[in-house]
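Heads up: the protein sequence lines correspond to chains P and B, in order.
Counted from 1, the first sequence has number 297 at position 297 by my numbering; the numbering is strictly sequential.
Each number in my numbering corresponds to the 1-based position in the second sequence with 323 added.
Don't read these hints as lab results, they were simulated from the structure.
Quick caveat, the model's predicted, so the values are computed rather than measured.
Okay, derived cross-link-like pairs now, EDC-like style, lysine to aspartate or glutamate, Cα gap no bigger than 16 Å in a straight line:
#, chain 1, residue 1, chain 2, residue 2
1, P, Lys205, P, Asp178
2, P, Lys279, P, Asp308
3, P, Lys76, B, Asp638
4, B, Lys355, P, Asp47
5, B, Lys531, B, Asp493
6, P, Lys32, B, Asp370
7, B, Lys399, P, Asp315
8, B, Lys537, B, Asp493
9, B, Lys399, B, Asp386
10, P, Lys307, P, Glu262
11, P, Lys190, P, Asp179
12, B, Lys528, B, Asp501
Protein chains: 2
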Amino acid sequence: MITRRTALTAAAAVTASPLLGVIPAHAAPPPKAGTQAPSFFRYKVGDYEITAIGDGFVQRPLDGFVRNVDVADVRKTLTAQGLPDTHIRVPYTTLVINTGSKLILMDTGNGEFAPAATTGVWMNNFTAAGFKPEMGDTVILSHFHGDHINGLRKKDGVATFANAEVMVPDAEWNFWMDDARMNAAPDAMKGAFQGVRRALGPIAKDVKRFAWEKEIAPGITTVRADGHTPGHTAFVIASGKETMMFVADITNTPILFARHPEWQVMFDMDPAQAITTRKRILDMTSADRIRCAFYHGPFPSVGQTSKDGAGYRLDLLPLQDAT
Amino acid sequence: MITRRTALTAAAAVTASPLLGVIPAHAAPPPKAGTQAPSFFRYKVGDYEITAIGDGFVQRPLDGFVRNVDVADVRKTLTAQGLPDTHIRVPYTTLVINTGSKLILMDTGNGEFAPAATTGVWMNNFTAAGFKPEMGDTVILSHFHGDHINGLRKKDGVATFANAEVMVPDAEWNFWMDDARMNAAPDAMKGAFQGVRRALGPIAKDVKRFAWEKEIAPGITTVRADGHTPGHTAFVIASGKETMMFVADITNTPILFARHPEWQVMFDMDPAQAITTRKRILDMTSADRIRCAFYHGPFPSVGQTSKDGAGYRLDLLPLQDAT
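Bound-form chain P, shown alone:
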């Protein structure tokens, strides 16, 4: 560290070495950095240490994003929360659960298949948090959309988590791995089916398929949450006397769809069922004061929901309220 004392010493050195010429009074301000701290954040549930790992965000236009309301209403909801009303940012946040004996990953992010330059940073953040891919014992998937499963396998086909068993919702598997359904799907949807095969096909014989309302790992219980996709699953995570839920995509961003649970995001495959699921789970987490981790909320995407008017408010866990 340069102090006045060392600066004086440096000045004396300059005097002794005239070729160096005039040293400016001090360093110029650094260039504007434009960089952020790595997106990881730890908190505890009982004896479990959870680490939220961000995979950046995608910025989307508002047109068409919410199916059943005017863009003007979407703008109003954004403005009320101090956000720009020209676009919506949709972040991605996975969980790593350290139970003390196992490292369990909940969803995987976009991996090497990032749809924009503002995402595809999951591995950097996972590594910055002190993890290595080979440490993963279990990967649990909430559903089979690409932003949740593409981290499983690299572009060259090699599995990212070489030592992990992969656990998937049975109803999700039955839907997406049905070749007849893929062949009958509209062209715009065929890519989604093919993506599932790319990520999961090579381990089709090894994946563990799970039903709803089952404890599939110590303290981790599956919860029916269909609508977003046919097999979309939420998870209760319990340790000691504490309980939280990973609610995955019961909302896209809670900024819009927790506030307005009847709004339909363009990605919900069965919008009516998605609304039923959304209200059922948010009613429960709000009334029972259960901490929720969302997949698409502002980082760290975990906090407390509360009933607020016709919708729900999400108070994010303060970043300092750590471990």
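With the hints as your guide, set chain B onto chain P.
Relative to chain P, chain B alone:
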């Protein structure tokens, strides 16, 4: 990175080298880390790049924290926001403003005089953000409480920011540097006067003293905000078409005192005037949609205030909404 392929190679190597014995299937889960990412966060105001730098937090008991309400009411406000109702965490967040030609620091954190093990991390975060103390051109102080000024000078007396000019509120200087007032102060308050002398005494002839409602650096204008202390000052930061305010301690934590502007935190020296100031500024930032950086909010402690019932809501800037 270990892949299945390299794992197989490693297994082959084991076969060729029987002394190594059995390699476990994979690495054990890492110990629970308990560590967080460095607390810095960048955003833009026009051409200026702002970096919020955290200095951790202090955890305080609720008893006596709010002067004029029952602890039960404080608990209720915490619970409503999904927070523990057994204590309050008070974080510290300073600003670094890179104007492109100058590096301006707004307040300095606790420096080497951390009152708890959960604070005193400012220099780590400042360094992690890519800054060095000698880069600072200007340090602007909002007021003279220790958590704002103690970063100015190390325990050995050496100035932390060797090249920076220090700018202070004139009314604050007049109050705290008045020896007669110090001598007449109750013993419990003498330490505060002495702390001001420790931090600022050695540069008494060099500090630049400023009045309210003046532009004291390009785009930075002082705003009267007394009550918390006699010279407490807020700052408008303007660049291009954008404007924000550094409101410093017009609230202690906005979690309590923006929601309830008439609540009196134990640290407000003139509680009635502090309430007047708090309402005047929060009315303005809410009505005019001016982004506010607080000193004691949850990191990154910057966002949009909105009138909400009898108080104000703070929607923090999403961490992804970066630069």
